[in-house]
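Residues in the sequence shown are numbered from 1 upward in steps of one, following my numbering.
Do not take every clue at face value.
Claimed, not checked - Calculated pairs, DMTMM-like style, for lysine to aspartate or glutamate (alpha carbon to alpha carbon, straight line, at most 25 Å):
1) Lys84 <-> Glu154
2) Lys79 <-> Glu154
3) Lys79 <-> Glu125
Just so you know, the hints here were simulated from the structure itself, not pulled from any lab data.
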Amino acid sequence: MENSKGIFKRYIYVIIPIEVVLGLVYSVAGFIAIINWYLGTTGAGEFLYSDYIPGDLGISLVMLSIGFLMILSAYYWFKRKPVKSLAATILGLGLAVAAMVMQVLVIIASWLDGIIVGEPIACEELVMGSLRAEALLGYVALPLFYISLRILSETIT
Numbered sequence: 001m002e003n004s005k006g007i008f009k010r011y012i013y014v015i016i017p018i019e020v021v022l023g024l025v026y027s028v029a030g031f032i033a034i035i036n037w038y039l040g041t042t043g044a045g046e047f048l049y050s051d052y053i054p055g056d057l058g059i060s061l062v063m064l065s066i067g068f069l070m071i072l073s074a075y076y077w078f079k080r081k082p083v084k085s086l087a088a089t090i091l092g093l094g095l096a097v098a099a100m101v102m103q104v105l106v107i108i109a110s111w112l113d114g115i116i117v118g119e120p121i122a123c124e125e126l127v128m129g130s131l132r133a134e135a136l137l138g139y140v141a142l143p144l145f146y147i148s149l150r151i152l153s154e155t156i157t
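Given only the sequences and the hints, what does the whole structure look like? Please build it.
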């Protein structure tokens, strides 16, 4: 059994660097979603990456929250507060996985709706739904979330 210091040392090498990059990407995607929402509301211009980042205010707030939590986790780590860092990590990655699961459920619901109603199912719609920002970034966050939960369970026991 590894001691607590070894677990947190492994934590910095595995999760913190990836989490900083992922947090920045989530934050940028959240800001682009706000811009797309504004452009869609006012009709002032052309959308940015509209196939991948929707102009939805709700998902932009979720993505910004996830990004800021991941960056906050690195901040707490460098302030020598590993418990707060792990808590922010688990919360941010948990939100990321929840957003990904919601997007996957939307894809499944769209597919089932097409089957039930008898309409043709557009493969492009299913593929583009699985390539949206919250889904793609959630695929990356899922193994990190598992690792974080393992570190938490090893720390508690």
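Going down the list of hints, with the structure as the test:
no.: 1; hint: Lys84 <-> Glu154; verdict: holds, 16 Å
no.: 2; hint: Lys79 <-> Glu154; verdict: holds, 22 Å
no.: 3; hint: Lys79 <-> Glu125; verdict: violated, 45 Å
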